[in-house]
Amino acid sequence: MALPPPPPSVLPFALGSLCFISNFHLADYYSVTDNAIDDDLRMRRTCIFYHAIPPEPVKGRSAMKKVLHYW
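First residue of the sequence shown: 1, per full-length UniProt numbering; consecutive thereafter.
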């Protein structure tokens, strides 16, 4: 029996009445996402971003930062 795949990484941001559950404040969005991308990437198997209008294609770590900061 094979092990299930690891769950995806999640960065919860405080947005409303349940903000006491979240680890990060929305005001720190850029620094938190930059640190998550710049830190050790061994645990990240895939990285998928969904957006209605796709931004210009770019590659590498700067691509992840560009997509995250696009919103």
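Source of the hints: derived by calculation from the structure; they are not laboratory data.
Heads up, a few of these hints could be off.
DEER-style ranges, computed between Cβ atoms [claimed, not checked]:
#1 A27 <-> L3: 21 to 31 Å
#2 A14 <-> D38: 15 to 25 Å
#3 A2 <-> A27: 33 to 43 Å
Since the structure is predicted, the reported quantities are computational estimates derived from the model, not experimental observations.
Just so you know, even glycine gets a beta-carbon here, dropped at the ideal spot from N, CA and C.
So, going through the hints one by one against the coordinates:
1. A27 <-> L3: 21 to 31 Å: The hinted range 21 to 31 Å is violated for A27 and L3, with Cβ atoms some 38 Å apart.
2. A14 <-> D38: 15 to 25 Å: holds, 22 Å
3. A2 <-> A27: 33 to 43 Å: holds, 42 Å
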